[in-house]
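On the provided structure of chain A, position chain B as indicated by the hints.
If you read the protein sequences in the order shown, they are chains A and B. The opening position of the first sequence corresponds to residue 1 in our numbering, with each subsequent residue numbered one higher. The opening position of the second sequence corresponds to residue 1 in our numbering, with each subsequent residue numbered one higher.
Just so you know, these hints were derived from the structure itself, not from any lab. Incorrect hints may have been included.
Stated by the list, open to error - Between beta-carbon pairs, the in silico distance windows are: (1) B/N54 with A/R96: 17 to 25 Å; (2) B/Y46 with A/Q41: 28 to 36 Å; (3) B/H40 with A/L11: 12 to 20 Å; (4) B/Q96 with A/A81: 19 to 27 Å; (5) A/K57 with B/P109: 42 to 50 Å; (6) B/T56 with A/A61: 19 to 27 Å; (7) B/S28 with A/L114: 39 to 47 Å; (8) B/R81 with A/K70: 33 to 41 Å; (9) B/S9 with A/Q50: 34 to 42 Å.
Unchecked claim - Derived DSS-like pairs: lysine-lysine, alpha-carbon spacing no greater than 30 Å straight-line: (10) A/K9 with A/K83; (11) A/K57 with A/K70; (12) A/K71 with A/K57; (13) A/K14 with A/K57; (14) B/K3 with B/K52; (15) B/K3 with A/K57; (16) B/K3 with A/K83; (17) B/K69 with A/K57; (18) A/K57 with A/K9.
Values in this document were obtained by computation on a predicted structure and should not be read as measured data. For glycine and all other residues, C-beta sits at the position ideal for the given N, C-alpha and C.
So you can see what is in the structure, the chains are spelled out below.
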Amino acid sequence: DGGITQSPKYLFRKEGQNVTLSCEQNLNHDAMYWYRQDPGQGLRLIYYSQIVNDFQKGDIAEGYSVSREKKESFPLTVTSAQKNPTAFYLCASTSRVRGANVLTFGAGSRLTVL
Amino acid sequence: DAKTTQPTSMDCAEGRAANLPCNHSTISGNEYVYWYRQIHSQGPQYIIHGLKNNETNEMASLIITEDRKSSTLILPHATLRDTAVYYCIVRFTGNQFYFGTGTSLTVIP
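Extracted from the complex, chain A is given alone in its bound form (with noise of 0.2 Å):
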């Protein structure tokens, strides 16, 4: 079946490490994203990138970098100077659906700092 694999689920991680979210999908999705959600809140956009090799900042992207080697992979790292990084993180693709860009997301990954 084709999706959007996030990994992992769940990962907590002590405070100052850097960790790496993984984000795969094998949709042939040219444009992938990441979001931040915190409890009660929207989706903020933290980083896109519409195609491999590139890559743009979202309202967030401070405390956070990403890498677009390749069309199906977008991985996310929560860097140590991040000051909040506790949340639960979404990444999802585009694909053209009657002339519209219809997002599609992964089943989340949710960080817990100690």
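Just chain B now, with coordinates in the frame of chain A:
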């Protein structure tokens, strides 16, 4: 940039239609309106999208006003499994999508 506003929460009796409004008064002429829903701790699920015309699929109907400044998502016969947070979103500059805080729909038995 286009943004959306939605009521924070709504209740709906099981079996009745759930009508979820969204205001997107700053939307530009070529931007679509999308609806997603999110069940706790899962990724958002696509429901429907539209540009100008009303749309219907197996999950819901989308009614967009003629001036495109607002829309309504209709779940025709709400079930308990429809309890979720519903997001009305629009796309703006640079292929980004704006998510507000959504409407928390509770379907009551």
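Each hint, compared with the structure:
no.	hint	verdict
1	B/N54 with A/R96: 17 to 25 Å	21 Å, holds
2	B/Y46 with A/Q41: 28 to 36 Å	20 Å, violated
3	B/H40 with A/L11: 12 to 20 Å	19 Å, holds
4	B/Q96 with A/A81: 19 to 27 Å	23 Å, holds
5	A/K57 with B/P109: 42 to 50 Å	45 Å, holds
6	B/T56 with A/A61: 19 to 27 Å	38 Å, violated
7	B/S28 with A/L114: 39 to 47 Å	45 Å, holds
8	B/R81 with A/K70: 33 to 41 Å	36 Å, holds
9	B/S9 with A/Q50: 34 to 42 Å	35 Å, holds
10	A/K9 with A/K83	21 Å, holds
11	A/K57 with A/K70	18 Å, holds
12	A/K71 with A/K57	18 Å, holds
13	A/K14 with A/K57	26 Å, holds
14	B/K3 with B/K52	17 Å, holds
15	B/K3 with A/K57	19 Å, holds
16	B/K3 with A/K83	27 Å, holds
17	B/K69 with A/K57	28 Å, holds
18	A/K57 with A/K9	24 Å, holds
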